[in-house]
Structures are given as C-alpha cells and as structure tokens.
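**Q** Sequences listed follow chains R and U, in order. According to this note's numbering, the stretch in the first sequence is residues 1 to 112, in order. According to this note's numbering, the stretch in the second sequence is residues 113 to 224, in order.
What the hints contain is simulated information worked out from the structure, not anything from laboratory work. The model shown is predicted, which means the values in this text are computed figures rather than measured ones. Any given hint could be a false lead.
Derived lysine-lysine pairs resembling BS3-like cross-links, with alpha carbons at most 25 Å apart [unchecked claim]:
1. R/42 with U/121
2. R/1 with U/169
3. R/1 with U/126
Sample of chain U residues with no beta-carbon within 10 Å of chain R, all distances over it, derived [claimed, not checked]:
4. 127
5. 132
6. 175
7. 223
Beta-carbon label-pair distances, calculated as ranges [unchecked claim]:
8. U/211 with R/76: 22 to 32 Å
9. U/128 with R/52: 41 to 51 Å
10. U/165 with R/1: 19 to 29 Å
11. U/124 with R/46: 36 to 46 Å
12. R/54 with U/193: 36 to 46 Å
13. R/16 with U/165: 50 to 60 Å
14. R/54 with U/115: 18 to 28 Å
15. U/115 with R/52: 41 to 51 Å
16. U/166 with R/82: 43 to 53 Å
17. U/124 with R/42: 12 to 22 Å
18. R/78 with U/210: 25 to 35 Å
19. U/224 with R/76: 38 to 48 Å
20. U/153 with R/46: 12 to 22 Å
Ideal Cβ positions, reconstructed from N, Cα and C, are used throughout, including at glycine.
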Amino acid sequence: KQEVTQIPAALSVPEGENLVLNCSFTDSAIYNLQWFRQDPGKGLTSLLLIQSSQREQTSGRLNASLDKSSGRSTLYIAASQPGDSATYLCAAPSGSARQLTFGSGTQLTVLP
Amino acid sequence: DGGITQSPKYLFRKEGQNVTLSCEQNLNHDAMYWYRQDPGQGLRLIYYSQIVNDFQKGDIAEGYSVSREKKESFPLTVTSAQKNPTAFYLCASSTDRYYGYTFGSGTRLTVV
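The shape of chain R in the complex, shown without the other chains:
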C-alpha cells in the first residue's frame, strides 16, 4: 500500500527566499505524481503533475522534480511571496484504479 510522507509539516520563511518542500513515497511503481495547493477552507488546486518519464516539471516560479528510484519528489518555490502562503500537498497513485494517496501536507507561511 502506498504511503506518502511530507517534510517539514510547517515552514515559515521571509519573503523573497527560495525554498524546497519534500515528499517521499513507498511504492515507486507510479506513473505520475501530483502537487496541490490548498488555501484555508478551500478545495485543492493542482500545481504540477509529473509523469514517470519526466524528471522535472516547471510552472512559473514552481519547479517539481521526481526521482522514482529513491521514492522522492521535491517542490521548489523561487522568490517566495506572501501570496504563496498555503498548505502544499503531494499525492502519488495507489493501486490499479488510479486512487491518489496524499501526504499530510506542508503548511507554508511567507512573511512580508
């Protein structure tokens, strides 16, 4: 059964800093991995989807990497802004029916 772990659980940084969020998964037989953002009381917004054939995926100031062999993914946020403050969730597929297993998230606070 897939297990997903995210470290750290919470992170507070000053505006402008570059930061890395970590995600690890136990079953490396995945076909993709997805990063989401969740604002308080809201649903999940997809940020990046990395296919197993890719090593990196970029969108604006966000860059996600995937290393299946080590069971790890990282989300890199460049030049952080207060608007980046949110919870970031990593999810990996589990089973043949495409169910996603989620980590507990990293709560990011960017201080002005």
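Could you slot chain U onto chain R? The hints should help.
**A** Below, chain U without anything else, positioned relative to chain R:
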C-alpha cells in the same frame, strides 16, 4: 468553464440524520472520488467510481454510501452509522491514469 461543483458549501447534521453531499462534474471524466479531510491530516479516500453504475470502497467507507447513476454525478450520503462525520469533504475526478485529478471546492459538514 469545465469543473467540479460541490454543494452545499456548509452542511449541518443532527444526530441520527442522513445527509447527502452533491458532486457534479462537466469535464466528461470517467472516474470520480470522495475524500475526507480532518484538521491537520491528509486526505483519506472514502469511495471511488471508475464507470457509471460501479463503485468501490476506499479506506474509510464505513458509515457512508454512494451512487453513480450518471457520469456527471457522484453523490455521497453520510449515514447515521458514521459516528464522527464532522469533517471537510472533497470530491475529485480524473479522466485517465496519465492525467491528474481535478477537485471541487469542498463541503464542510458539522454535527450539531
């Protein structure tokens, strides 16, 4: 615009009542999912459906029921057998194993 609509946004349930959460999508996605989110925790899978008239239990299905009579709709009923239903409920859909999930905005259920 295509997306997933969850209603209501807030729902209050009295002890012993069954309540139904609505989830509708116009993305023409085959698969639909229900997740539960508790404070400080990741998402846990309740039920999922890959095609119309077929659905499977997830990790925490006890006390919940679903139906999938139409491709666009996947309602979740929280029955009186669910002893701790207060949580944030999220519905999602996907079209193919290589494409990611799309989430609705969620329903917050509170027992009064």
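**Q** State the violated hints by number, sorted upward, taking the hints as numbered earlier in the document.
**A** Going through the list in order, the structure violates hints 3, 11, 15 and respects the others.
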